[in-house]
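Chains A and B are the protein sequences, given in the same order. The numbering used here numbers the first residue of the first sequence as 1 and each following residue consecutively. The numbering used here numbers the first residue of the second sequence as 1 and each following residue consecutively.
Some hints could be false.
As the list claims (entries may be wrong) - Partner residues aside, some chain A positions facing chain B, computed with beta carbon under 10 Å:
1. Ala359
2. Ala360
3. Leu363
4. Arg410
5. Ala543
6. Ile544
7. Pro546
8. Pro550
9. Leu557
10. Pro558
11. Arg596
12. Leu598
To be verified - If the Cβ cut is set under 7 Å, some of the chain B residues that face chain A in the computed set are:
13. Gly62
14. Arg65
15. Gly76
16. Pro87
17. Gly95
18. Leu104
19. Tyr107
20. Pro108
Think of the hints as simulated: they come from the structure by calculation, not from any bench. Using N, Cα and C, we set each Cβ at its ideal position, and we do this for glycine too.
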Amino acid sequence: MTLPRQPMRPRLPLWLALAGAALALFAIGVLRRPEIAGDPETVRRLEAALLWHGLLPRAATALLAGAALGLSGALLQRVLRNPIADPSTLGIASGAQLALVLALAFAPGLLAFSREAVAFAGGAGAVALVVALSWRRGLDPVTVVVAGMTVALMAAAASAAVVLARGEYVLSVFIWGAGSLHQQNWNSALVIGSRLVLGAIAAALLLRPLAMLALDDAGARSLGVALTALRVLVITLAVGLAASVISQVGIIGFVGLAAPAFARISGARTPSEILWRAPLIGALLLSLADGIVLATATGSGDLIPTGAMVGLIGGPLLLWLLPQVRPTVPPAAAAADGRRRARPGRALLLLAGCALVLAALALTLGPGPDGWSLATGDLLAGLLPFRVPHVVAAACAGALLGTAGALMQRLTGNPLAGPEVLGVGAGAGVGIAAALILFDMPDRGTQMAASAIGAIGAIAFILAVAARTGFGPERMLLAGVALGATCLAILAAVFAAGGWNTFLLLTWMAGSTDRVDPPEAVLLALATLFLLAPLPLLGRWIAILPLGAPVARSLGLPVAAGRLALALLAALMTAVAAFFVGPLSLAGLLAPHLARLLGFAGGRLFPAASALLGAVLLMLADFLGRTVAYPYQVPVGFFAALVGGPYLIWLLQRRSGHA
Amino acid sequence: MVRAAALWELDGVGVHAGGRRILAPLTLALEAGRVYGLIGPNGSGKSTLMKVLARQLAPSEGAVRFAGEALGRWRGRAFARRVAYMPQFTPPTDGMSVRELVALGRYPWHGALGRFGATDAAAAEAAILRTGLERLADRAVDGLSGGERQRAWLAVMLAQLKGGTGARCLLLDEPTSALDIAHQMELLAIVRELAADSEGLTVIVVLHDINLAARTCDHLVALRAGHMVAHGPAREMMAPKTLKSVYDLPMGILPHPVSGHPMGFVL
Chain A
1 MTLPRQPMRP RLPLWLALAG AALALFAIGV LRRPEIAGDP ETVRRLEAAL
51 LWHGLLPRAA TALLAGAALG LSGALLQRVL RNPIADPSTL GIASGAQLAL
101 VLALAFAPGL LAFSREAVAF AGGAGAVALV VALSWRRGLD PVTVVVAGMT
151 VALMAAAASA AVVLARGEYV LSVFIWGAGS LHQQNWNSAL VIGSRLVLGA
201 IAAALLLRPL AMLALDDAGA RSLGVALTAL RVLVITLAVG LAASVISQVG
251 IIGFVGLAAP AFARISGART PSEILWRAPL IGALLLSLAD GIVLATATGS
301 GDLIPTGAMV GLIGGPLLLW LLPQVRPTVP PAAAAADGRR RARPGRALLL
351 LAGCALVLAA LALTLGPGPD GWSLATGDLL AGLLPFRVPH VVAAACAGAL
401 LGTAGALMQR LTGNPLAGPE VLGVGAGAGV GIAAALILFD MPDRGTQMAA
451 SAIGAIGAIA FILAVAARTG FGPERMLLAG VALGATCLAI LAAVFAAGGW
501 NTFLLLTWMA GSTDRVDPPE AVLLALATLF LLAPLPLLGR WIAILPLGAP
551 VARSLGLPVA AGRLALALLA ALMTAVAAFF VGPLSLAGLL APHLARLLGF
601 AGGRLFPAAS ALLGAVLLML ADFLGRTVAY PYQVPVGFFA ALVGGPYLIW
651 LLQRRSGHA
Chain B
1 MVRAAALWEL DGVGVHAGGR RILAPLTLAL EAGRVYGLIG PNGSGKSTLM
51 KVLARQLAPS EGAVRFAGEA LGRWRGRAFA RRVAYMPQFT PPTDGMSVRE
101 LVALGRYPWH GALGRFGATD AAAAEAAILR TGLERLADRA VDGLSGGERQ
151 RAWLAVMLAQ LKGGTGARCL LLDEPTSALD IAHQMELLAI VRELAADSEG
201 LTVIVVLHDI NLAARTCDHL VALRAGHMVA HGPAREMMAP KTLKSVYDLP
251 MGILPHPVSG HPMGFVL
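Using the sequences and the hints, build the whole thing.
Okay, here's the thing in C-alpha cells:
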C-alpha cells in the first residue's frame with residue numbers, strides 16, 4: 001500500500017523532442033553569438049575558430065559530462081540502495097572542491113601534476129567520511145544524505161576559510177566551482193570522454209554483482225557476493241567519474257541525481273536498464289541546461305554558470321523524489337550508554353560553572369606581542385569592549401545551536417540530525433546574498449533583515465513540506481537537505497560572480513564572530529533568552545515525542561502540534577545563530593552527543609545540558625581561533641569543524657562497540 | 001445502577017487505503033469488564049482495527065463510540081485517561097529508566113505543564129508493583145529482557161489509566177509476539193488479573209496463538225481478510241468448523257488433559 005504511484009512514462013517521442021530542443025537551444029546559442037568586427041577574412045577565421053574550438057567542444061563536454069555524472073549517480077544509487085544519492089548529496093563535489101582549493105592555495109604543483117587526482121582524493125575523502133558516519137546505521141538512506149549534507153557544509157566552510165586566508169589568489173576557483181562549461185579546446189571533452197568509456201566498461205563488468213544488491217546485505221552475502229569489495233569498487237568508480245568531471249568543469253550537481261530518477265520513471269527497472277539509460281538521460285539533461293544558458297548568454301558571457309542553473313532545477317526535483325525514499329532504520333536515538341547521572345541537577349550546575357569560568361578566561365586571557373597574559377585593570381577595561389561581543393556571540397550562538405541540535409535529534413531520532421542540515425542556515429545565506437546583490441553596500445541592519453527573511457522562508461518551506469506527513473521527521477530532514485543543496489547551488493552562483501561582496505559572504509560562510517558589535521551582542525543575548533525560555537515548559541513533550549507517534553497519541557499528546565512547536569523552535573534558534581556565526585559550526589551536532597555521553601537524559605536536562613555544552617564548545621572554538629594563529633584569526637566555524645568532525649566520527653564509531 | 005450501553009460500539013466501521021479494503025464494514029459491541037481476543041491470520045485487519053479503536057487511524061467509513069460518545073468527540077487527554085494502547089512494536093526509550101518511563105504514563109493527568117504530584121507518583125509506583133518490576137525500577141528500559149520490557153510498557157498503560165471514574169480499556173496489539181512461553185504466560189496472567197480485580201479493566205488483545213487466546217479471553221472476535229468471520233464466547237469459538245473458517249486449515253479440538261479447556265490443533 002506504500003507503493004509509489006506510477007507516474008506517467010515518457011515515451012521515445014518525448015525523448016526525441018527533448019533532444020531536438022537541446023539541439024535547437026544550441027543552435028540559437030550559436031546564432032546569437034556576438035558579432036565580430038573586422039575584415040571579412042579575419043572574421044571568417046575567427047568564427048571558425050570559435051565554432052570548432054569553443055562552441056562544439058562545449059556541446060561535446062556537456063554531453064559527455066552529463067553522461068559521466070548520470071552513470072556516477074546511477075552507480076551510487078545502486079550500491080547505497082538510496083534513490084537520492086549522487087555526487088552532490090554525498091558531499092563528493094564539495095570534497096573535491098575543497099581539495100582543489102587547498103591544492104591551489106598551498107601546493108600548486110599538485111594541480112600541475114593532476115587536477116583530476118586532487119579532485120578524486122577530495123571526493124573519495126568526503127565519501128569515506130559519509131560512509132564512516134552512517135556505517136553504524138547500516139547506510140540507512142536518510143542518514144547517508146544527512147551525513148553527506150554535513151560533510152558538504154563542512155567542506156564548503158573550510159573552502160571559504162582557505163579562500164579568505166589566501167585572498168584573491170584562490171578566488172578564481174569559485175568561478176570554476178559553479179560549473180561553467182566554457183571551453184577553449186577539446187581537452188576537457190577528451191579527458192571526460194576517455195574516463196566515461198573506461199567507467200562504462202567497468203560498470204558493464206560489474207553488472208551481475210550489482211543486480212544482487214537488490215537484496216539486503218545478509219541476502220547478498222549469503223549468495224556469495226563479496227559485499228565490501230564490491231561497494232568499495234563501485235564507489236571508487238563513481239567518485240572517479242565525478243572527479244574527472246569536477247576537475248574539468250567544476251561542480252554540476254543534481255545531474256547524477258536526476259538521470260537515474262528519470263531512467264526509472266521512463267520505465268527502466270533492472271540495474272542494466274538503469275545503468276545504460278542514466279548516462280543518455282544525463283547527457284540530454286546537461287545539454288538542455290547548457291543550451292538554455294547559451295541561448296540566454298549576453299555578449300559579455302553567461303548569465304549564470306551551467307552548474308548553478310542545474311542546481312536551481314535540481315532542488316525542486318529532489319523534493320519531488322522524496323516520497324521514494326524510505327528509511328530502512330526505524331527512527332531511534334543512539335543506543336543508550338546506560339550511564340546515568342546520579343544527581344543530574346548538580347552536574348548541570350557544575351557545567352554552568354565551567355561555562356562561566358571559560359567565559360571569564362576568554363575575556364581576560366590572550367596572547368600579546370610579548371607572550372600570554374591575563375589582562376587586568378585598565379587593560380582589561382580597554383579590551384572588554386572588543387572581547388565581550390565575541391564571547392557573548394559565541395556563547396549565545398553555541399547555546400542556541402546546542403539546543404536546536406538536541407531538539408532535532410530528539411524529534412527525528414537520528415543521531416546525525418544537526419540543526420545545520422535543516423537548510424535554514426543556507427536559507428539565511430541566500431538572504432544575505434540577495435541583499436548583497438540588490439543593494440550596493442547593504443548595512444548590517446539590512447543584511448540581518450535579509451538573512452531573517454531567507455531563514456524564515458526556509459522554515460516555512462520545510463514545515464509546509466513536512467506538514468503533509470503530520471511533521472514526520474524523515475520528510476522534514478530530507479526537505480531540509482533538498483533545500484540546503486539548492487541554497488548552496490545558489491550561493492555557488494553568487495560566488496562565481498565575484499566582487500568584494502563575495503568576501504562578505506565568504507566571511508559569513510566560514511563562520512566568525514568578528515563582526516558582532518555591542519548592540520548586536522545585546523540583541524543576540526535577548527533573542528537567546530527569548531528562545532530558550534519556553535524550553536522548561538516543553539520538557540514533557542521532549543520526553544514523550546521521541547517514543548513515536550503511536551505512544552504519544554495514546555497518551556493524549558497533540559502529536560502534530562508538538563512536533564510543529566519543537567521544529568519551529570529549533571529552526572528559529574538555527575536561524576538566529578546562523579546569522580551571527582555562519583551556517584555551520586558542528587556545535588549543534590556535537591553538543592547533544594556530549595550531553596548524552598555525560599549522562600544527561602531527561603526531557604528538561606538534556607536540552608539544558610546541550611545548550612551549556614554548545615556554548616562551551618563555541619566559546620572554546622572562538623577563543624582558540626583567536627589565539628592559535630595570533631595575530632591572525634581562524635574562522636570559528638572552520639575551527640569547530642576541524643576539531644569537531646573527527647571527534648564526532650570517533651564518537652559514533654565508539655558506540656558501535658555497544659550495539 | 002442503570003445498565004449502560006456497551007463500552008465500545010462499532011457501527012459499520014471500515015478502512016480503505018490506497019484503493020484497497022483493509023477492513024470491511026464491521027458492526028460490533030464490546031462490553032465493559034471483559035477480556036476480548038482478536039484472532040485471525042496475518043493481514044486479516046486485526047492491527048488496523050486496534051488502531052481505529054486507539055484513535056491512531058481514522059476509519060474511512062462508519063462510526064465508533066466509546067462509553068456512548070463518538071471517538072472524534074473525545075478530547076485527547078480525556079480519552080487517554082480511559083483508553084491505553086500498546087503498539088505492536090514498542091519504541092526504543094533512549095536510556096530512560098523504568099520509573100521514568102512509567103511516569104510518562106501520567107501525562108494525560110498532568111498535561112504539559114501540570115505538576116507531577118503525589119497522586120501521580122503513587123499511580124506510577126502502584127503500576128510498577130502491579131507488574132512486578134519494583135526490583136528493576138531504576139534500570140534502563142533498553143537493557144531489560146523482552147518480557148521485562150513488555151511488562152514495563154504495560155506498567156505505563158496502568159499508570160495512564162489509574163484514577164478517575166468510568167470504565168477503562170487496555171488495547172494490546174500482539175503483546176506476546178516476541179516472548180517465550182513462560183513470559184507469555186506471565187504477561188497474560190497479569191492481563192487476566194487486571195480484568196478480574198477491583199479495577200475491572202476491559203482488555204482487547206490481539207493474539208496469534210489460538211490456544212493462548214482461548215485460555216486468556218472471555219470472548220473471541222475472528223477476522224479474516226478484513227471481514228469478521230465469527231465472534232462469541234471463547235469456549236464456543238473453539239470448534240473445528242469455526243477455526244477452519246478463520247485459518248482455512250483443517251483443525252481439531254481436544255480437551256486439555258488437566259484443565260479440560262478446549263485446545264485447537266492442526267489436523
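Evaluated hints:
no., hint, result
1, Ala359, "30 Å, violated"
2, Ala360, "33 Å, violated"
3, Leu363, "36 Å, violated"
4, Arg410, "8 Å, holds"
5, Ala543, "6 Å, holds"
6, Ile544, "6 Å, holds"
7, Pro546, "6 Å, holds"
8, Pro550, "4 Å, holds"
9, Leu557, "6 Å, holds"
10, Pro558, "6 Å, holds"
11, Arg596, "7 Å, holds"
12, Leu598, "12 Å, violated"
13, Gly62, "20 Å, violated"
14, Arg65, "18 Å, violated"
15, Gly76, "4 Å, holds"
16, Pro87, "4 Å, holds"
17, Gly95, "3 Å, holds"
18, Leu104, "6 Å, holds"
19, Tyr107, "5 Å, holds"
20, Pro108, "4 Å, holds"
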